[in-house]
Structures are given as structure tokens and as C-alpha cells.
Amino acid sequence: MSSKAIVSQHEQGQGSVRSYSIGFGLSIALTLAAYGLVVQHAAHGWALVFVLAGLAIIQLMVQLVFFLHLGRESKPRWNLSVLFFAVMVVCIVVFGSLWIMKNLAYNHAPQPSSSDIIKDEGYRQ
Amino acid sequence: MTKPLTTDELAAVTEQQAAAAKTIFGFWVYLMTDCVLFATLFATFAVLRNNTFGGPAGNELFSLPFVLIETLVLLTSSFTVGLGVLAARRRDRNQVLLFFGITMLLGIFFLTMELTEFHKLYVEGNSWRRSGFLSAFFTLVGTHGLHIASGLLWMAIMMLRTARHGLTDLSIKRLTMLSMFWHFLDIIWIFIFTVVYLMAGVV
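From first to last, the protein sequence lines are chains A and B.
Just so we're aligned: the first sequence equals residues 120 to 244 in the numbering used here.
Just so we're aligned: the second sequence equals residues 132 to 334 in the numbering used here.
Same shape as in the complex, but just chain B (with noise of 0.2 Å):
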């Protein structure tokens, strides 16, 4: 058992959650506004949807088995990171590492996944200049994968820094705020693959 802490002690403590729950607010309006240019971009692709130019449309393109895996591979990520985030809770680094390791694993499989198939669109001939239905989807589309990238080197570092330093309680709040992040981008894949992938050629 740790002793009781002094009265200025524990002010000290509360004064310093305080200040870190002030940064993950601050995190979460950054999220809130990223949401905004996200919503920018499903604006452009819902109105260019139909425009394919002579072009194929979506669902001529799109194989909707290999899409439903990617989007588990998503929402298995976001469940471990959780975990994650509850393990550094609990300064219980091994499992820190292997929750945030497991998550990154299933977004590089993500990432590979989509790099795949966009490969697949561009040699076939239907890249982004084919269509403004198409240049609208990889806007969108690749938008979500550069920030599933950033967040996989955000990861990187951060699990670096865990096996280095161990666990601080500057890098939990950190932690908890890539473990935000990631969340935020499962929910835009819903939106994705919702929209994109799921209302192709219904309407």
C-alpha cells in the first residue's frame, strides 16, 4: 500500500489531472473540427457520386466482402486500443505494448488493404482523373488513409517511447488522446463505408 498522500500533495495531483484533462478537451475540439473537413469531402463525393463521366460506377467497382473485412479489421483495432488505453491505466506496460502492437498490426493490415486496392483501381485505368465520381472517392477515401498513417507513426512512436521510458503520465495522456484519435477514425469509416461502399449504385 502507498501512504496517504499530504493535503498539498494531493492538491498538486488534482491540479495536474486538471491540466490534462484540459488537453484532452482541447484534443476532442480538434477532433470535432477534423470531423468538419471530413464532412467537406462526403459533401463533394455525395454530390459527384453519379458523375462518372462514361466511366464505371462504384458498384461495378467495388467488392463488398473484401470492404466488410477491412472495415472488421477497423473495429477489432478500435476495440483493442481501448484496451490499450485501460492497460496504461493500470501502468501495466507489457500489456500496453501488446494492446497498441495488436492495433497497429490490424492498421497496417488496414492501410495495405486499401493501398491494394487503390493499386488495383489505378491500373485498370480507373484512377482519380477517370471521373469526378472517382476523384471525389480517392479524395475521401485517401483522406481517411493518410490519417490512419499518421496515427500508425504516432503509435510507433509512442510504443517506442513506452518500452524506452516506460509508462509516465505524460505519455498516458497521450496515449488516451492517440486512443481517441483512433476511435474518431473507426467512426469515419462507418460514415465510409456506409456512403461509399454500401449505397453504391442503390440511388
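Next up, chain A with everything else stripped away, as it sits in the complex (with noise of 0.2 Å):
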């Protein structure tokens, strides 16, 4: 990367009161959003953990824009390429731990009984 690039970079990528503010007040109403959610018993089971997933994860994209400034640099533009590479790893390790230790816990379980493997294997006797 250029020296200029990274320097206009540097200078863009500053921040105001306004875009903290702005990312604080979006931060304290989703934090409310999601706490209110589940004190209120307004969803439950999966579909509360969807909707509390996606509140988390807006969250983090406003606080990624309004407080660190993300994707505001020139091009090239690599603080938001080795984000999208961390990004990457952490969905490898995350839902690749719960997939193979479901499966280890499935093939682990204790007494699996017979109606349960024709069910999940799908075969007749």
C-alpha cells in the first residue's frame, strides 16, 4: 500500500462526536431492544435466538462503523479485509465446533433407543 493511501486513510478514518453519539444511542436501544425481548417473554425457543443473534449482530456493525471508523478508508481497503477473514475463522470455528460435537453427542448418547435410531436413520423393520 502507497504511503499517500495510507495516509488518507489515516485522516479519513477519524470520527466526530456526532458518529459517537449516534453509535451510542443505536448501541443503548438495541442493548434495550434485546434485554426488553426476553424479560417480556416476547419470543421463545429458536426464534428467540434468532432475533437476539440478529440484534447482536447489528450491534456490532454499529459499533464497528460509528466507533471504530470501519470502512471509511481509501482503497485498498485492508482493515476490512482481515475483519472479513477473522469473520471467516470465527464462523469455521464456532459452527463447526456445535456441528461435530452434536454429532459426537448423537453417536455418544447414552441408551439410544431403537424407535429413536428407525426415526433419525429413516429405516423400516
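Please keep in mind that the hints were generated in silico from the structure rather than gathered at the bench.
Glycine included, every Cβ here is placed at the ideal spot set by N, Cα and C.
With the Cβ distance kept under 10 Å, some of the chain A side facing chain B (calculated, not the full set): (1) Val-136; (2) Trp-165; (3) Val-201.
Calculated pairs, DSS-like style, for lysine-lysine (alpha carbon to alpha carbon, straight line, at most 30 Å): (4) B:Lys-153 with B:Lys-304; (5) A:Lys-238 with A:Lys-221; (6) A:Lys-194 with B:Lys-304; (7) B:Lys-153 with A:Lys-194.
Reassemble the complex: the two chains are provided individually, in unrelated frames, and hints are given to aid placement.
As C-alpha cells, then:
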């Protein structure tokens, strides 16, 4: 990356009181929304899990943009590239672990009843 | 008004800024690897969250209003650290000390609340030895707390330096990295708040 690109990137990524205030307000609203959903029992089960995960991801993006000023750098966007790589590794580690351990738990389940096996494996006696 | 810089001086300034921007990019890469460390701990927690070994589950242990206050305190400190960096760019030493001071107090308050929760769990017999779920909980939340503690130490050192020697280009660069570290820890906490506390007992 040329030094000119680095400097302009450095200067553009500085932020202002306004951007920090917007980020702060949005983050508080998203936090309270997530908290309210749980306390008010507005949703249950997997629906609640997906909504909470969605709110957390929106807040992640809000803070990346308004607090860490991501996306304001000029090309080439090295900060963004490293972030995308990290997100990819995080997804592989978290969802990969859950997937593998779920299978392992199934295969090591204490005394699986034959009706479960018949149902899950889809064969008939 | 300062007099305009000569071409040589301007080149030197540009070079210095370029070097600073490279250091800050390097710090960003560190933060992203730290993110991977937290991902492994989150994965461990997600796998073990229902393995309570007959002990209490998350929704029986955690107080949500308590954790909400913790979250709002850390969020506010993330806002004030941003204001602190803006003050550093204006080279306003007193404002830097003020905003980083507020951030530090909020950070200490957050850490005290977290340790209070840990202590309560420990004395009630729900320590990391109790179950796989609690081992994963203490490792994940404790690692975040350890990061907060080192951030506070770094902040104390930076404030002492700023009070003694004023704001130099080097200290502005370091304060910028410290603020990135603090924002990063707030982002990690959002996911701890969501996954560990809000989702406790949901599925």
C-alpha cells in the first residue's frame, strides 16, 4: 500500500462527536430492545435465539462503523479484508465445533432407544 | 496561525503519519486474532452450555438487571473513550485526562461488578469445578475480564504519561490503539451479554 493511501485512510478514519453519539444511542437502543424481548417473554425458543443473534450482529455493525470507523478507509481496504477473514475463521470455529459436537453427542448418547434410531436413520424393520 | 510547512517538513510529517497508520493497522490485525481466541471460548461455551452435571443452569444463576447495568456501564465507557481520542487529536490534554479518567472509573466499576458476580457464584458452591457449563462460563467471561484489567492498567500508564509529559505524536498513536482495544472489548461483551446471559435457558 502506498504511503499516500495510508495517510488519506488515516485522516478519513477519524470520526467526530456526532458519529460517536449516533453509535452510542443506537447501541443503547439495541441493548434495551434485546433485554426487553427476554424480560417481557416476547418470543420463545429458537425464534428468540435468532432475534437476539440478529440484534447482536446489528450492534456489532453499528459499533464497527460509528466507533471503529470501519469502511471509511480508501482502497485498498486492508482493515476490512482482515475483518472478513477473521469473521470467516470465527464462523468455522464456532459453527464447526457445534456441528461436530452435536454429531458426537448423538453417537455417544446413553442407550439410544431403537425407536429414536429408526426415526433418525429413516429405516423400517 | 502556524506558518506553512516547507516541502521537506511536509514530507517528514507525511512519512511519520504513514508509519503511525501502519502501526495502527498492525494493532487491528492483533485485535482480529484476539477475536479468534474469543471464538474458541465461545464455541466451548456453546457446546457445554447445557452440561450442568445436575447443577444449576444459567437462568437459575444470573440476574439479568445486574448484567444489564454492567452492559450499559461498559457501553458508556466505550463512548467516553471515543471522546477521549477526539480530545487527543485536538491536543487538549485536560480533556484527554477527563475522558480517559471517566472511562477508567467506568471500567473499574464494570470489573468490580463482574468480580462481585464471580465471588457470589464461588461462595454459593457454583465455581468452575461445579460443571462443564460453569467451567466454560468462567473461562469465557474471565478472559474478557482479564482483557478489561489489562486495558485499565494500560489506561493508567497512558494517563500518567499524559499528565507528566503532555501529548506527543507517540502518545496520540498509543491512545488511538488503546481506544480501539476498548471498543473491541465492548463488542466482545455484546456477544457475551447475548449468548451467555440473554440466551440462558432459552433452548
